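Build the full structure now, drawing on both the sequences and the hints.
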Amino acid sequence: MAEQEPVPPIDLDFAFQIHIDFKERIRIAGPMRNNVWVPAAGGTIKGPKLNGKVVAYSGADYGGEFGLDAHYMLQADDGTYIYIHNMGYLYALNNPPGTRGTPEAGAAAVQEQGSQSFEAPSSKDVPMYFRITPYFNAPVGPHDWLTRTVFVGTGERFQNPDYTLFTYYEVL
Amino acid sequence: MAEQAIPKIDLEYVFSVRIFFKERVTFMGPHGGRGFVPPSSGEIFGPRLTGTVVPYSGADYAHFQNLANGIQINTHYMLRADDGAWIYIRNIGYLHRSKDPNKPTYFRMTPYFDAPKGPHEWLSRTVILGTGERRTNPDHSLFTYYAVK
Amino acid sequence: MAEHPVPKIKLDYAFSVRIDFHERVVIDGPVRSRVYVPPSGGEIWGPRLQGKVVPYSGADYASNGLLNAHYMLQADDGAWIYIYNTGYIRRKDGKPVEVDDTKSDKEIDYYFRITPYFDAPFGPHEWLNRTVMVGTAKRYPNPDHTIFTYYAVL
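Residue numbers (numbering that gives the first Met the number 0), protein chains in the order written: chain Z, 0 to 171; chain E, 0 to 148; chain Y, 0 to 153.
It is worth saying that the hints were derived from the structure and are not from the lab.
Keep in mind it's a predicted model, so treat the numbers as computed, not measured.
We treat Cβ as the ideally placed atom computed from N, Cα and C, and that holds for glycine.
Some hints here could point you the wrong way.
Calculated Cβ distances over 10 Å to all of chain Z for the following chain E residues [to be verified]: (1) Ser-40; (2) Ala-84; (3) Val-147.
Among the chain Z residues that face chain Y by a calculated CB cut under 10 Å, a handful are [said to hold, decoys possible]: (4) Pro-8; (5) Phe-65; (6) Gly-87; (7) Pro-96; (8) Tyr-128; (9) Arg-130; (10) Phe-150.
Under the rule of at most 30 Å between Cα atoms (straight-line distance), these lysine-lysine pairs were calculated in the BS3-like manner [as the list claims (entries may be wrong)]: (11) Lys-9(Y) to Lys-45(Z); (12) Lys-91(Y) to Lys-45(Z); (13) Lys-48(Z) to Lys-137(Y); (14) Lys-45(Z) to Lys-7(Y); (15) Lys-48(Z) to Lys-91(Y); (16) Lys-7(Y) to Lys-22(Z); (17) Lys-116(E) to Lys-102(Y); (18) Lys-94(Y) to Lys-48(Z); (19) Lys-102(Y) to Lys-137(Y); (20) Lys-102(E) to Lys-21(E); (21) Lys-7(Y) to Lys-48(Z); (22) Lys-94(Y) to Lys-116(E); (23) Lys-91(Y) to Lys-116(E); (24) Lys-123(Z) to Lys-7(Y).
So, in structure tokens, the structure goes:
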């Protein structure tokens with residue numbers, strides 16, 4: 000029988016924003032799966048819980064069709080290197096995955112596009128669902144709280160120049 | 000550029016695992032195809048490890064774009080050595096049928112292990128390569144593992 | 000860099016999962032510690048999903064307080080759903096989390112927060128494949144079980 004317990008709330012506390020610049024976007028449509036290579040060309044971190052920069056070309060998003068799977072490095076203002084592994088979902092709200100028919104149709108559509116390079120629109124032009132859950136590793140020290148705290152974030156896309164603004168909340 | 004000698008790699012047979020299956024679930028979704036194939040039982044034999052597969056301790060949660068192109072092996076489950084030690088195995092690799100009916104199925108994987116301190120801890124720091132063979136009646140797979148020297 | 004307005008995130012309660020546990024195994028390895036904690040069974044209820052946890056369909060293979068769970072759910076309509084759950088568990092008193100903690104009757108305060116990812120078939124549950132979720136979990140002893148509360152991140 001189901002537990003009749005009140006549903007515990009979750010509280011979020013704004014932690015920091017990361018602005019990431021992009022110059023290249025590559026998509027690989029393979030026979031087994033699709034994935035992207037979208038390296039971080041640079042960026043900055045600003046917020047009450049962390050300030051610093053994105054280490055240029057220290058990694059990328061290597062995710063699949065609409066799931067992010069990003070691995071790269073941050074550097075706090077005090078010089079500490081921090082590893083970030085980011086997962087989540089990004090897709091246009093008017094064309095969510097699952098309404099596009101079978102995976103074969105989806106894969107075929109990607110193959111037909113021909114070019115391996117691709118554009119990512121701005122949130123202003125294409126409303127999107129862009130939510131992420133980052134995981135971090137940091138050395139013992141002032142930032143190691145990142146290694147035992149769950150975060151949830153939202154992304155916003157911009158063009159000219161091409162950058163994404165990530166906003167991260169600590170899950171209390 | 001000067002010729003560089005290509006370093007040799009040796010493979011040393013370490014053990015075999017036979018796994019029996021009773022359930023196979025597959026479905027298609029927005030991420031592609033997903034499978035769920037749990038081990039109903041199994042045995043381990045060979046020069047470096049003997050024991051059993053812990054029944055229903057995990058599964059191959061394989062993923063695929065379409066089954067005709069093959070699957071990506073994605074397993075998590077538990078083994079038990081004869082001395083009682085618990086060992087976690089995480090296995091990734093590929094299984095696909097050749098377009099040439101005379102060529103065997105390609106079934107190759109790279110397992111990663113977590114073993115306790117003790118006689119099996121070498122599993123936690125050795126790269127191992129595996130090959131698989133599918134058998135029927137009853138439905139099972141035979142995995143042969145080689146340590147990469 | 001110009002100040003950016005901080006967009007709001009909304010959490011929408013989706014469903015709860017109770018998981019029962021009969022075994023908890025620890026592998027004390029040379030490089031890391033790993034656990035094997037399989038679900039012996041469980042139930043799902045709430046506005047967005049109802050069903051059960053498929054008994055012994057996987058486990059949490061966690062290491063050093065980082066969850067790494069892979070198992071199967073089954074909705075009331077028969078649909079199979081794969082769950083990969085990750086997140087953190089730690090004791091708020093700073094003591095290390097021990098496997099025997101779940102046998103103690105004493106109330107232990109944990110920070111236990113998770114971010115589950117799902118693979119669900121085309122159909123009424125396919126929203127799970129494209130929605131980021133965040134959850135909080137509470138452990139109970141005698142019998143050993145945990146209740147996970149999941150919110151969709153809107």
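Going down the list of hints, with the structure as the test:
Taking the minimum C-beta to C-beta distance to chain Z, about 30 Å, the non-interface status of Ser-40(E) holds against the 10 Å cut. No Cβ of chain Z comes within 10 Å of the Cβ of Ala-84(E); the nearest lies about 29 Å off, and the non-interface call holds. Residue placement check: Val-147(E) keeps its beta carbon more than 10 Å from all beta carbons of chain Z (closest about 23 Å). Given the 10 Å rule on beta carbons, the hint for Pro-8(Z) holds: about 8 Å separates it from the nearest Cβ of chain Y.
The interface hint given for Phe-65(Z) is met, as the beta carbon of that residue sits about 7 Å from the closest beta carbon of chain Y, less than 10 Å. The interface hint given for Gly-87(Z) holds, since its Cβ lies 5 Å from the closest Cβ of chain Y, which is under the 10 Å cut-off. Because the closest C-beta pair between Pro-96(Z) and chain Y is about 6 Å apart, less than 10 Å, the hint holds. A distance limit of 10 Å between C-beta atoms decides the matter here; for Tyr-128(Z) the minimum to chain Y is near 7 Å, and the interface restraint holds.
Taking 10 Å as the C-beta contact cut-off toward chain Y, the hint placing Arg-130(Z) at the interface holds, the least distance being around 4 Å. Here the hint on Phe-150(Z) is kept, as its CB sits about 9 Å from the closest CB of chain Y, short of 10 Å. Of the pairs offered as hints, the one joining Lys-9(Y) and Lys-45(Z) holds, with about 22 Å between alpha carbons and a cut-off of 30 Å not exceeded. At roughly 28 Å between alpha-carbon atoms, Lys-91(Y) and Lys-45(Z) fall within 30 Å of each other, so this suggested pair holds.
Distance check on the hinted pair: Lys-48(Z) and Lys-137(Y) sit about 27 Å apart at the alpha-carbon level, within 30 Å; holds. A threshold of 30 Å between alpha carbons decides the hint, and for Lys-45(Z) with Lys-7(Y) the separation of about 17 Å falls inside it, so the pair holds. A hinted pair counts as satisfied when its Cα atoms are at most 30 Å apart, and Lys-48(Z) with Lys-91(Y) qualifies at roughly 20 Å. A distance of roughly 28 Å separates the Cα atoms of Lys-7(Y) and Lys-22(Z); the hinted pair therefore holds under the 30 Å criterion.
For the hint pairing Lys-116(E) with Lys-102(Y), the CA-to-CA distance comes to about 25 Å; that is within 30 Å, so the pair holds. A distance of roughly 25 Å separates the Cα atoms of Lys-94(Y) and Lys-48(Z); the hinted pair therefore holds under the 30 Å criterion. Under the criterion of a C-alpha separation no larger than 30 Å, the hint pairing Lys-102(Y) with Lys-137(Y) is consistent with the structure, at around 14 Å. With a CA separation close to 27 Å, the supplied pair Lys-102(E) and Lys-21(E) stays within the 30 Å bound.
In summary, the hint linking Lys-7(Y) to Lys-48(Z) is supported, as the alpha carbons are separated by about 17 Å, within the 30 Å threshold. Only pairs whose Cα atoms come within 30 Å are accepted, and Lys-94(Y) paired with Lys-116(E) is accepted, the gap being roughly 23 Å. Restraint check: the Cα-Cα separation between Lys-91(Y) and Lys-116(E) comes to about 29 Å, which is no more than 30 Å; the hinted pair holds. Between Lys-123(Z) and Lys-7(Y) the alpha-carbon distance is near 16 Å, which keeps this suggested pair within the 30 Å criterion.
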